[in-house]
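Bring the two chains, given one by one in their own frames, into a single complex with the hints.
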Amino acid sequence: MLELLAIVLGGIVTFVTRAIFLVSKKLRPPKRVERYLPLVGPAVLGAIAIPGILAPRGEISLVDTVPAVIAAVATWLGWKFTKQIAVGLIVGLGLWWAILAVMVAMGVER
Amino acid sequence: MITPPVPLNEDDRVRAARRAGIRAAGVIIVSYIPFGIAAGAAMGATSVDPLISILTSPTIFAGAAQIAAVQLLHVGAALGIVVLTVAVINSRHLLYSAALAPHLADWSTPQRLGAAYLLADPVYALAVARFDTPDGGGSTREKRTFYFAAGLTCWVGWAALLAIGIVAGGFIPEWVPFELAIPLTFLLLTLPLIKNSAGLVAFAVAGIVALVADPLPLGVGLMVGAVAGVVAGAVVLNVTDRNRAETVDA
Numbered sequence: 012m013l014e015l016l017a018i019v020l021g022g023i024v025t026f027v028t029r030a031i032f033l034v035s036k037k038l039r040p041p042k043r044v045e046r047y048l049p050l051v052g053p054a055v056l057g058a059i060a061i062p063g064i065l066a067p068r069g070e071i072s073l074v075d076t077v078p079a080v081i082a083a084v085a086t087w088l089g090w091k092f093t094k095q096i097a098v099g100l101i102v103g104l105g106l107w108w109a110i111l112a113v114m115v116a117m118g119v120e121r
Numbered sequence: 002m003i004t005p006p007v008p009l010n011e012d013d014r015v016r017a018a019r020r021a022g023i024r025a026a027g028v029i030i031v032s033y034i035p036f037g038i039a040a041g042a043a044m045g046a047t048s049v050d051p052l053i054s055i056l057t058s059p060t061i062f063a064g065a066a067q068i069a070a071v072q073l074l075h076v077g078a079a080l081g082i083v084v085l086t087v088a089v090i091n092s093r094h095l096l097y098s099a100a101l102a103p104h105l106a107d108w109s110t111p112q113r114l115g116a117a118y119l120l121a122d123p124v125y126a127l128a129v130a131r132f133d134t135p136d137g138g139g140s141t142r143e144k145r146t147f148y149f150a151a152g153l154t155c156w157v158g159w160a161a162l163l164a165i166g167i168v169a170g171g172f173i174p175e176w177v178p179f180e181l182a183i184p185l186t187f188l189l190l191t192l193p194l195i196k197n198s199a200g201l202v203a204f205a206v207a208g209i210v211a212l213v214a215d216p217l218p219l220g221v222g223l224m225v226g227a228v229a230g231v232v233a234g235a236v237v238l239n240v241t242d243r244n245r246a247e248t249v250d251a
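Residue numbers (this note's numbering), protein chains in the order written: chain A, 12 to 121; chain B, 2 to 251.
Just so you know, not all the hints are guaranteed correct.
When the alpha-carbon atoms are kept at most 30 Å apart in a straight line, the in silico DSBU-like pairs for lysine-lysine are as follows [to be verified]:
{"no.": "1", "chain 1": "A", "residue 1": "Lys91", "chain 2": "B", "residue 2": "Lys196"}
{"no.": "2", "chain 1": "B", "residue 1": "Lys196", "chain 2": "A", "residue 2": "Lys42"}
{"no.": "3", "chain 1": "A", "residue 1": "Lys37", "chain 2": "B", "residue 2": "Lys196"}
{"no.": "4", "chain 1": "A", "residue 1": "Lys94", "chain 2": "B", "residue 2": "Lys196"}
Under 8 Å between C-beta atoms, here's a sample of chain B residues computed to sit facing chain A [what the hints assert, rightly or not]:
{"no.": "5", "residue": "Ile23"}
{"no.": "6", "residue": "Leu74"}
{"no.": "7", "residue": "Ala102"}
{"no.": "8", "residue": "Ile183"}
{"no.": "9", "residue": "Leu190"}
{"no.": "10", "residue": "Leu217"}
Hints listed in this document are in silico derivations from the structure and should not be mistaken for laboratory results. Please read all numbers here as calculations on a predicted model, not as lab measurements. Ideal placement from N, C-alpha and C gives every residue a C-beta, glycine not left out.
Bound-form chain B, shown alone (with noise of 0.2 Å):
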């Protein structure tokens, strides 16, 4: 006679929760190996203290953001060129902020202060994922340990990363060929992510623009590629909505 399964009580499913946050960001930190270690002995190469670009990590935990400040406090750039530098590339994360917000509303404030100091593009694209899914992803508790899960081993393996290449950096054969890595990664990250018509569009919109704004300064090619993704994959959104409601209409 077959024993029906056990239906999980809540405790087994906050440490499932726990074990696949860890889980799958280990995943994305064992693909950042090569850039991080990198980028590491890039900013290594500095003439910046390395402690002060070991102490990027936990201040600004934002990989491009990190380089770029540590590139222009080389060259010796006034601080408010710095920090202006930091704001602009990591202006994304408001778009992330406010498509989070949904999703954190019942947790409480130092929980939403936590999430917001580990909101990195990897762990927003790890936490959306797991909760657009039809079950929420879990209870409040699940969510929460999922998401400190990621974002905690994220912040630890990117610092790690990055500190291994400040030190040590330059150890990484050159004739190794590493640089589709992290593409390659934010593709993973990004196809669960696209469920409709819409989704595919902001991508690829995105993605063109992004690469065609390449050129201009302080990173800001990035950002108009986004905002250009969004607003193509609205337009599409709109249009299929608005063709779905005359179908039913007829």
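In isolation and in its complexed conformation, chain A is listed as follows (with noise of 0.2 Å):
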């Protein structure tokens, strides 16, 4: 029952900080504020991002990071030139597996 209370009150503090910009329309981040805005999305998702592509596993060293950096910009490239999200995740990954064979077959170990 204690579990059962606990993830429906972290359910309600969730909503809560996901809501409250939007529940009412008086209420509005400061007009100051408001031009920073379109830097929420980059900065966020770059914090998520970046630091598992330099860390795959949690810390930087050569034989994870160099080959996650090379799929990341396969990834972008993947996605500049054809602007689907599917194509490049499957060029980024892709490129990241066979680089990654490579190394077992060249006896690196991660």
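Okay, structure coming up:
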């Protein structure tokens, strides 16, 4: 019962963080701040994506970071030329797996 | 003789928006398959009742916070600690809420509440990428239809993946590496949102600061990185605007 209560309360606080500026038409971010709101997406998503790319398994290391960065560049190129998320993901993951396979063949351990 | 294309009416455009939302979110869900199932498997391996773990999807609907909540319940953390942890991890949604508010200004209150419930990371990214286009993502009906189609597809897909992982977890072979799938997906979600040098600086600074701040407890590093990114981007935006103004004056 306590577990159920914990996740229900967790859901409520999550909903509050998401709804706070949407719930009322009068409640708005300050005018001075509004022009910076388009920066929120790149900042928050960058804070999730970049650590995962530079340290895929939690730490920066040559054997993990270099293949991941190459895959990220390939992902960007795949998206840049097609504007398709699926293409970018397939190109990036495909190249990453290929690099890892070559590393295994060369006896490089991750 | 070539017949000119017939302009789409409102109903056709709304149907197209629905298809676009489902398609865009569907791609995201496919990329989430390894992470969702692995996360579910990790949750299924705890002492927490599988039904409770499954219920974290409709209640919290935010991957990292769901995993953290179940792990804390597993180690016997107090109720207040679990709720506080979820609140801190999901505090970034405050920024999403503020950024999305202008786009949803003409929606009804129940619609905005529904939108808030679905406002997870990929839903925000897909919505803003569409709403920030020159046509603003179309009419209010088109925008609403796209948002709910994308949001509900993400909701159903994520809940299903997690449930599969919880119930049947551990069937992904350990030798198949998938840890890069989620970072690359978030990179792809971010790229359409980077429209100028300020956006690029916000992205880079946020990522590097989040990485440095990663050892902080409760996943606070993510929020620290995000705030640092917004501040750095704002500085660049102010400098470029001032330079532009001086050029015009000269």
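Tested hints:
1. A/Lys91 x B/Lys196: This hinted pair holds, its Cα atoms lying about 13 Å apart.
2. B/Lys196 x A/Lys42: Holds, at roughly 21 Å.
3. A/Lys37 x B/Lys196: OK: A/Lys37 and B/Lys196 at ~29 Å, within 30 Å.
4. A/Lys94 x B/Lys196: This hinted pair holds, its Cα atoms lying about 14 Å apart.
5. Ile23: violated, 14 Å
6. Leu74: For B/Leu74, the interface hint holds, since the closest Cβ of chain A sits about 5 Å away, which is under 8 Å.
7. Ala102: Status holds, d = 4 Å.
8. Ile183: holds, 6 Å
9. Leu190: holds, 6 Å
10. Leu217: violated, 12 Å
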